[in-house]
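Enquirer: Given chain D, put chain H in place with the hints provided.
Line by line, the protein sequences give chains D and H.
For the first sequence, the UniProt record's numbering gives the first residue as 1, with consecutive numbering after it.
For the second sequence, the UniProt record's numbering gives the first residue as 1, with consecutive numbering after it.
There may be inaccurate statements among the hints.
[Stated by the list, open to error] Not everything, but these chain H residues come out facing chain D in the computed CB check (under 10 Å):
#, residue
1, N39
2, S70
3, G87
4, K245
5, L249
[As the list claims (entries may be wrong)] Beyond 12 Å from chain H on every Cβ pair, some chain D residues (computed):
#, residue
6, T20
7, K22
8, D57
9, K91
10, N128
11, R141
12, S143
13, K155
14, Y188
15, E202
16, E204
17, Y236
Hints were generated in silico from the structure; no laboratory data involved.
Since the structure is predicted, the reported quantities are computational estimates derived from the model, not experimental observations.
Every residue, glycine too, gets a C-beta built ideally from N, C-alpha and C.
2 protein chains.
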Amino acid sequence: MQTVIIGSGNVAYHIAKALTLKGVSPAQIFGRNEAELKNISEELHIPYSTEHLEDADLYLICVSDNAVESVSKMIMKKDALVAHTSGSLPKEILAGEYRKSSFYPLQTFSKSKELEYEKIPFFIEAENESDKNILFELASRISENVMESDHEKRKYIHLTAVFACNFVNHLFSRAKEISDSQEIPFDYFLPLIDETVQKIHEIEPKKAQTGPAVRNDLRVLALHEKLLKDESLEIYKTMNHSIQKMYEL
Amino acid sequence: MQTVIIGSGNVAYHIAKALTLKGVSPAQIFGRNEAELKNISEELHIPYSTEHLEDADLYLICVSDNAVESVSKMIMKKDALVAHTSGSLPKEILAGEYRKSSFYPLQTFSKSKELEYEKIPFFIEAENESDKNILFELASRISENVMESDHEKRKYIHLTAVFACNFVNHLFSRAKEISDSQEIPFDYFLPLIDETVQKIHEIEPKKAQTGPAVRNDLRVLALHEKLLKDESLEIYKTMNHSIQKMYEL
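So here's chain D without its partners, still in its complex pose (with noise of 0.2 Å):
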């Protein structure tokens, strides 16, 4: 089965990598920003153009949510199986007369940090059995963890994501912030974080819960509340006051 992908962001790179390890390299990348196509093409070996979309059996649409529709379009092999990874698109935003469907893999990419793709649960949609196969058989080359779902469970699963992953490392920009302003360095927080994290492996967050909010410490939330501004502010008193609706308090 010939696949091609299409994109050279963070998503493209690590599914092309994914593939490439697993045997199942790709036949071309393709894309716009040739500077990382060509970087993508020189570590995995793989063809790449700018121009010139290769035939394939299956494309794969790496591209950010707002160019999936337009990027969708360049593909003109009706007997194709086309599948975009967003989590948030339904698989009917792609706009040609191909086979639609979605291939969203769970997991924030970044090209410089590397990853264990067998953890990556993939969640898998089509428009009938056989193109579920064939999407089913791929995700599982690169991850143990390969599962269906429809368009509305994936926009939670998406919007899960959003809070556990992409505003949990904004906290951790915030928190480096206020850290960096004292010069007291970020480092010294990394057990704690950690720890955060390893604790929901085992007990439930609301069960995990420490903090003054939770103790309804008010003498430590406003004096806090004086030693911070703007954003960070906002985001003090909204998640306080979350916290103590939560818990009742």
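Expert: Below, chain H alone, put in the same frame as chain D:
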């Protein structure tokens, strides 16, 4: 050196346990909650009391912030060293004629969750070099990572920890609430969460940010807002606003 631990909560338990494991078992644990004291006493083989506070060279006050002052008044021994374990209180909160100090472990403690004590950063403050040495020596039995910190710096360390730990855990709670509402197992998100944290061991969090807000994907942001309500919606808006401000979007 005789050490007494005051308190029967998560911090008291883990400090008592860490000291016991390193062969410097406390002479007593003292507190109000007899059931908890009894559990700790039986597990760690440390005498406990709810009434008679043992004579000691060092008292470690491991109670919640708003109880520190009143508890500190119970210590009558003038030639003792007394330390609280709070991130946000000054050592002067201790209301007695003894020598005052602070012994702050930067970690999140739950009784049911084992910890690698060696990695916990301890922050020490004392009135003089000799007391500082006593506390450094004790903390170094537990941890490889012992530092000095005055109250001003400690306040910011604690505040950073609230963002990096307490708020992160609350995001996990709200994330689980969303996935639970759709009967999506929260376990699916653990590889993503683990990776989110592994990443910041290698990449600065500001550079590791992914997700719809930093991509300025207004379509997804609007779609997600429709799926949320109440506190989760407030968090969603506040976090996205903060991300967009940080990246000047």
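Enquirer: Against each hint, give a clear statement of whether it holds in the structure.
Expert: These are the hints, each one checked on the structure:
Interface hint status for N39 of chain H: violated, as the beta-carbon distance to the closest one in chain D is roughly 18 Å, over 10 Å. At its closest, the beta carbon of S70 of chain H sits 14 Å from a beta carbon of chain D; the interface hint therefore is violated under the 10 Å criterion. For G87 of chain H, the interface hint holds, the least distance from its beta-carbon to any beta-carbon of chain D being 8 Å, beneath 10 Å. Taking 10 Å as the C-beta cut-off, the interface hint given for K245 of chain H holds, the closest approach to chain D being about 5 Å.
The closest approach between the C-beta of L249 of chain H and any C-beta of chain D is roughly 13 Å, which is over the 10 Å cut-off, so the hint fails. No Cβ of chain H approaches the Cβ of T20 of chain D within 12 Å, the least distance being about 20 Å, so the stated non-interface status holds. The claim that K22 of chain D is not at the interface with chain H holds, since no C-beta of that chain comes within 12 Å of its own (minimum 18 Å). Every C-beta of chain H lies more than 12 Å from that of D57 of chain D, the closest at about 29 Å, which supports listing it as non-interface.
The beta carbon of K91 of chain D is kept farther than 12 Å from every beta carbon of chain H, the shortest such distance being approximately 16 Å. Against the 12 Å criterion, N128 of chain D stays outside the reach of chain H, whose nearest CB is about 24 Å from its own CB. Against the 12 Å criterion, R141 of chain D stays outside the reach of chain H, whose nearest CB is about 17 Å from its own CB. S143 of chain D, annotated as away from the interface, has a beta carbon of chain H within 12 Å; the closest lies near 9 Å.
Here K155 of chain D does not stay apart from chain H, with its beta-carbon only about 7 Å from theirs, under the 12 Å limit. Listed as outside the interface, Y188 of chain D is inconsistent with that label: its C-beta sits roughly 5 Å from the nearest C-beta of chain H, within the 12 Å cut-off. With a minimum CB-CB distance of about 6 Å to chain H, E202 of chain D fails to clear the 12 Å threshold, and the non-interface call is violated. Not every Cβ of chain H is farther than 12 Å from the Cβ of E204 of chain D; the closest lies at roughly 7 Å, contradicting the non-interface assignment.
Chain H draws Y236 of chain D into its interface by the beta-carbon criterion, the shortest separation being 8 Å against a cut-off of 12 Å.
In the structure shown, a violation is registered for the earlier hints numbered 1, 2, 5, 12, 13, 14, 15, 16 and 17, in ascending order.
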